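**Q** Let's have the full structure, built from the sequences with the hints guiding it.
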Amino acid sequence: MIEIQDLTVKYQSQKEIYTALESINLAIPDGGTCAVIGPSGCGKSTLLKVLAGIITVYEGEVRVDGQTINPRQQAIGFIPQNYGLLPWLTVDENIYLGMKIKQHQKTMDYAKLQLIKEQLGIAELGKRYPGEISGGQQQRVSLARAFLLKPDLLLMDEPFSALDAITREEMQDVFLSIWEKYAVSTVLVTHYVEEAIYLGQKIVILSANPGKISRIIENPLFGGRNIRQKPEFFELGLSIRNLIKKDWSK
Amino acid sequence: MEKDKPLWFLLGIVIFFALWWIVSKIIMLPIVPSPFLVLANLAAVFMKYIAIHSLYSLWRIAAGLFLAVLIGLPLGIIMGYFPKWDRFLSPLIYLTYPIPKIALMPILMLLFGIGELSKILMIFLIIVFQVIVATRDSIRSIPKETYYPLYSLGAPFGAVFFEVLWPASMPKFITAIRVAMATAISVLFFTETFGTQYGMGYFIMDAWLRVNYLEMYSGIIVLSLMGLFLFALIDWIEKRLCHWQYK
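Going down the list, the sequences are from chains A and B. For the first sequence, our numbering assigns the number 1 to the initial residue and increments by one for each residue that follows. For the second sequence, our numbering assigns the number 1001 to the initial residue and increments by one for each residue that follows.
Warning: the hint list may mix true and false statements.
[To be verified] Restraint-style ranges between C-beta atoms, simulated for each label pair:
1) A:P87 / B:Q1197: 47 to 55 Å
2) A:N226 / B:F1082: 49 to 57 Å
3) B:F1231 / A:S177: 18 to 26 Å
4) B:Y1094 / A:K15: 24 to 32 Å
5) A:N226 / B:P1167: 42 to 50 Å
6) A:S40 / B:F1162: 46 to 54 Å
7) A:S40 / B:G1227: 51 to 59 Å
8) B:V1023 / A:Q81: 58 to 66 Å
To be clear, the hints were calculated from the coordinates, so they are not data collected in a lab. No experiment lies behind these values; they were computed from the predicted model shown. The C-beta atom is built at its ideal place from N, Cα and C for all residues, glycine as well.
**A** The structure is reproduced here in structure tokens:
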């Protein structure tokens, strides 16, 4: 269970104090997914950075299973927009980085590594470097790193936005299938309404200046495959879009 | 291409000697002897006289370089990663970097004697600034996002150092060494004209004073081959440590 209570984040810029997030309240059940959607500059990424333990100065409470969030105690998988692969490590080393740091495992457990790579369709890429593989493949490597760790919390910052439309849909399916196997609580940030509906059990709509939750939608369509073709998918998309338009034009 | 590299080196050497030979034919003075005479002389005296001098010079460069890396690399990484250290140390570096180090030679000789230490420190002083500044800038240019996966894993500083800072600073660090190396060799030559009987600088100056131009040129060729060897060594190390860059 992930609980966020009265979370407020302020940035100190040169002269003024800027409020990035204001009184965020949110609860995500274990093994659930939550898609956060909002305009640019609404503090989506700030929210993720707080959950990832990168921003440590904030007001309010953020707890994972009752404990205040702390990357040294909980296992947190964080997939930044650029996938966060280190260019000087091979694919295998990149995937294993999480285990190496979190569980101090010096030697690779090749069986586990091979399994996760097969599940993500990158079994052949182990010895390559990130610069040698495509964006979609980098994304898979990044997912492999996160899931191998069996994290308490998985965070994804616009994970599929740099991919072309076809690869994006493919990666969304890859994500869902591996997420079902590992049942990891996930928060993902996106600016695509369709992505939020496809991947989010809960859809949180943020508004900007300061970033506030304007609405939380329990997504009835989540988990169904091939929902992209269904009329309900379009209807929900349309209604969220209208909500957003009203909201963001304020 | 990679396999042809020695061939290209050979071609460069051939062109160099051809130009030299042409110049010697035009000038026709003992001060520019034919390269063939010089090579013959080199072959005759290398083991007898020159080898020991080149070893001394190599040792001084290696020791100075080692000290510069030992101090410059950690300092550069700390300054790049912790802005507070940079704020404190940058003015010091910027004030002392432009001082022509060769001007400090008399002071170094007074403080550390005219023996090995002052020569090694001279080379150290020349290389260390480039190493510090290049390493610091390479650390600064790492995008913040690169650290995020490690931070979110609760990585201690040691892990951040070995996983990110060290490999990320490597390419620019090696470039800095490469740039500084040429200067270091020139300065080494200068320092070896004082207070020593060994080193390529001593050998070349000595040959010059004895008006033995063949030996002088032999010494210059050895010095330049030493440079070639050092650059090739740096290239090789770069290939080993930064092979990911070429992918």
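**Q** Next step is simple, just say for each hint if it's right about the structure.
**A** Results of checking the hints against the structure:
| no. | hint | in the structure |
| --- | --- | --- |
| 1 | A:P87 / B:Q1197: 47 to 55 Å | 50 Å, holds |
| 2 | A:N226 / B:F1082: 49 to 57 Å | 52 Å, holds |
| 3 | B:F1231 / A:S177: 18 to 26 Å | 52 Å, violated |
| 4 | B:Y1094 / A:K15: 24 to 32 Å | 28 Å, holds |
| 5 | A:N226 / B:P1167: 42 to 50 Å | 44 Å, holds |
| 6 | A:S40 / B:F1162: 46 to 54 Å | 35 Å, violated |
| 7 | A:S40 / B:G1227: 51 to 59 Å | 53 Å, holds |
| 8 | B:V1023 / A:Q81: 58 to 66 Å | 60 Å, holds |
Of the numbered hints listed earlier, those contradicted by the structure are 3 and 6.
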